[in-house]
Amino acid sequence: MTTQVVDGSAAGAPARGRARRPKGGRGGGSVLARHWYAWAMCAPVVIVTLVLVGYPLVRGVYLSLTDATEANMGRTIGMNVIPSTYEFVGLSNYTAIVTSAEFLSRLGWTVVWTVVCVALHYGIGLGLALMLNRPLRFRSAYRLMLVLPWAVPAFVSAFIWRYLLNGEYGVVNAMLRAVGLPGVSWLDDPLWAKVSVITVNVWLGVPFMMLAILGGLQAIPREQYEAAEVDGATPWDKFRHITLPGLRPVASTVILLGTIWTFNQFPVIYLVTRGGPGGSSEILVTYAYRQAFEGIRNYSGSAAWGVLILALLVILAVGYRRALRRQGEAW
Amino acid sequence: MRRRISAVAAAAALALAVSACGGEDTATQPSAPAGSANAADVSGQVTWWDTSDATNEGPAFQELVKEFQAKYPKITVNYVNVPFADAQNKFKTAAQSGSGAPDVLRAEVGWVAEFASLGYLAPLDGTQALDAPEDFLPSPLGSGKYDGKTYAIPQVTDTLGLLYNKELLKKAGHDAPPKTFEELKQVALDVKSKAGAEGLALNVDAYFLLPFIYGEGGDLLDVNTKKITVASPQSVAGVKVVEDLIKSGAAPKPAIQDSYTNAETAFKEGKAAMIFNGPWSNTSNLDGKAFKDDPDNFGIAPVPAGSAKAGSPTGGHDYAVYAGSKNLDASYLFVKFMASAETQAKVAGKLGLLPARPSAYDLPEAKANDMVARWKEPMAAAVERPWIPEGGQLFQPLLEGYQQMATGENAAEPVLQNVAKAYQGLLKGWSL
Numbered sequence: 045m046t047t048q049v050v051d052g053s054a055a056g057a058p059a060r061g062r063a064r065r066p067k068g069g070r071g072g073g074s075v076l077a078r079h080w081y082a083w084a085m086c087a088p089v090v091i092v093t094l095v096l097v098g099y100p101l102v103r104g105v106y107l108s109l110t111d112a113t114e115a116n117m118g119r120t121i122g123m124n125v126i127p128s129t130y131e132f133v134g135l136s137n138y139t140a141i142v143t144s145a146e147f148l149s150r151l152g153w154t155v156v157w158t159v160v161c162v163a164l165h166y167g168i169g170l171g172l173a174l175m176l177n178r179p180l181r182f183r184s185a186y187r188l189m190l191v192l193p194w195a196v197p198a199f200v201s202a203f204i205w206r207y208l209l210n211g212e213y214g215v216v217n218a219m220l221r222a223v224g225l226p227g228v229s230w231l232d233d234p235l236w237a238k239v240s241v242i243t244v245n246v247w248l249g250v251p252f253m254m255l256a257i258l259g260g261l262q263a264i265p266r267e268q269y270e271a272a273e274v275d276g277a278t279p280w281d282k283f284r285h286i287t288l289p290g291l292r293p294v295a296s297t298v299i300l301l302g303t304i305w306t307f308n309q310f311p312v313i314y315l316v317t318r319g320g321p322g323g324s325s326e327i328l329v330t331y332a333y334r335q336a337f338e339g340i341r342n343y344s345g346s347a348a349w350g351v352l353i354l355a356l357l358v359i360l361a362v363g364y365r366r367a368l369r370r371q372g373e374a375w
Numbered sequence: 104m105r106r107r108i109s110a111v112a113a114a115a116a117l118a119l120a121v122s123a124c125g126g127e128d129t130a131t132q133p134s135a136p137a138g139s140a141n142a143a144d145v146s147g148q149v150t151w152w153d154t155s156d157a158t159n160e161g162p163a164f165q166e167l168v169k170e171f172q173a174k175y176p177k178i179t180v181n182y183v184n185v186p187f188a189d190a191q192n193k194f195k196t197a198a199q200s201g202s203g204a205p206d207v208l209r210a211e212v213g214w215v216a217e218f219a220s221l222g223y224l225a226p227l228d229g230t231q232a233l234d235a236p237e238d239f240l241p242s243p244l245g246s247g248k249y250d251g252k253t254y255a256i257p258q259v260t261d262t263l264g265l266l267y268n269k270e271l272l273k274k275a276g277h278d279a280p281p282k283t284f285e286e287l288k289q290v291a292l293d294v295k296s297k298a299g300a301e302g303l304a305l306n307v308d309a310y311f312l313l314p315f316i317y318g319e320g321g322d323l324l325d326v327n328t329k330k331i332t333v334a335s336p337q338s339v340a341g342v343k344v345v346e347d348l349i350k351s352g353a354a355p356k357p358a359i360q361d362s363y364t365n366a367e368t369a370f371k372e373g374k375a376a377m378i379f380n381g382p383w384s385n386t387s388n389l390d391g392k393a394f395k396d397d398p399d400n401f402g403i404a405p406v407p408a409g410s411a412k413a414g415s416p417t418g419g420h421d422y423a424v425y426a427g428s429k430n431l432d433a434s435y436l437f438v439k440f441m442a443s444a445e446t447q448a449k450v451a452g453k454l455g456l457l458p459a460r461p462s463a464y465d466l467p468e469a470k471a472n473d474m475v476a477r478w479k480e481p482m483a484a485a486v487e488r489p490w491i492p493e494g495g496q497l498f499q500p501l502l503e504g505y506q507q508m509a510t511g512e513n514a515a516e517p518v519l520q521n522v523a524k525a526y527q528g529l530l531k532g533w534s535l
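Residue numbers (this note's numbering), protein chains in the order written: chain P, 45 to 375; chain G, 104 to 535.
Read the hints as simulated data drawn from the structure, not as lab findings. A quick note: this is a predicted structure, and the numbers were derived from the prediction, not measured.
To give an idea of the interface, some chain P residues facing chain G are shown, with a C-beta separation under 10 Å as derived from the structure:
#1 V125
#2 I126
#3 S229
#4 L231
#5 A237
#6 R318
#7 P321
#8 R334
#9 E338
#10 R341
With beta-carbon atoms standing in for the labels, derived distance ranges:
#11 G/F187 x P/R221: 25 to 35 Å
#12 P/I204 x G/D189: 16 to 26 Å
#13 P/A222 x G/P236: 56 to 66 Å
#14 P/E146 x G/A235: 41 to 51 Å
#15 P/M219 x G/G203: 38 to 48 Å
All residues carry an ideal CB built from backbone N, CA and C; glycine is no exception.
The whole structure should be built from the sequences, with the hints applied where relevant.
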């Protein structure tokens, strides 16, 4: 959590500097002279961002407007010369995607996946944070244990879960059978596969939410609770009218972050179910990956998918921010 | 300010998705491949990506590398074992970017046409690598050809056979393995009712559907007439055989995830009596509980026949040389050595893999391993696959369809019609 905020303020610094400028009402040259130190400090970040994000982004958008594939992009390898024969095709990649039946069904499941995961992340994270925020024996031990899923790389956890959930030889079914229950085809049935990937992702994502909310809880002034107690408020009243509003600055940020991460949660889907069975658990990013890396790589098609996913997330973020602002959140 | 984080995060995600696309180089005149250099004078470093099983098969290949180095001390071979599942993508990324690609790759037969069409492979006609081309089985040799040129030299060939547990079949009252799909179902059901084990362990993988499709006279494509035949009545009949095996209980409901491993484990442990698999599984099968103490219990038979014939896909691996290699001559020599009849016979003797050269079968090293002779009959049913650049993309739609059929979501016919539709998108200019 903290690293994200630090990154964000670094990236936001130039914007803030610019925003202040007009107030001073000075000419352009003197501004540069006056704030040269600030500009110099952000230059590395700006340059790195431009190189690492800007260039690929522009190139991706350009490719998405062509019919480039691995076969028609020119290159020379040893004795083999392949001429460049790809062309500008306008928006036809986008229309092909948007009009395909695949797009709507994938988008539908991706939205369900994101909403369910983020709701469970936040709900369970909040519950755990509330429990761990009160004096408790072995509190730090519990905290440490609950952070563990987050400390393990996602792909490692995904692989472990895949073995745990194996229908015939997995540990989970072995335990079910040991107590006399029938095993469940966790990964081999379209519905259960969806339940399984959501479970794994919730397991992975709760620690982050818990930590973030724990930080938010500790930032709520104790005086408010004391005052409420004097006024005879019930615990539910306190939760409803102090805790939840007090968490809003944290909640609005982590929910947006969680949404973006979950929307693009590649490793869980790809490693646990490989999008199966029969493509039923495939989300937009894993589908776009298939486009890009299966057989002769389709650069233009997958770039169009990437741009579409980006556009969806940008629209979501803007809409979310507007909604918050309407509720009086200074965000 | 925080909105900026989201934009950056999303942009970074996108960047990851698209930054794999390399830039175009300006074309330069290619230099012709050096034809024949004096073998003893060739020096250099050859990096070889071996995709064989690192624990069971890798050591045998490493030994051969040592023999090569003893013969050509001026050449250093850098042996790298790359997991088979990652090798195709890894090679393509490296080959295209021009850095990190090996000089020699062990390529699955289905990859060669794709790599060659993309310009990643060096043509081998007239080089040291293509040695005694008349002494290759026609189907594996065909896998190395693209557009009339040779791009890869066969290392091993294989196909699918019906592997069975003799004891379980005997308990069910069958002394011989099934020869037709009807017998397969009957034997499997008998095993289930009389021998206390499952009948046929199915592996939900598109490749393993092919014997059923071939058996009824179908195929994925007809390359000569450029027709998509995956939804033809014959292909549908073949897939319906599988559907019926699952529905009737002759095959237990197969796992979808880790399907291969689950099916193999069931067979090795004696929980299932039969499985379709290839010679690459010999070593691991004989290590299993059902065969470890009694290797004679392990039966190998040709795949059962349908109404048309008994047919199973030709598989195997080839040696291919990266076009951008800095050590072409050394690489050609290495391929020549590794693909020679003597080397293939040694591999056959140690690992029970099947040589791609007819003459290798007669060498004493190959004869020492009885697996090689036992696979001869299944091998006779091998059907050549379409060696086209899009070959690697044909399996995913079929796999998704097979999964839908195995979970009972969809029936054979609509599944194959969807697959045919997907193929139309992949193969421009092909007709249904």
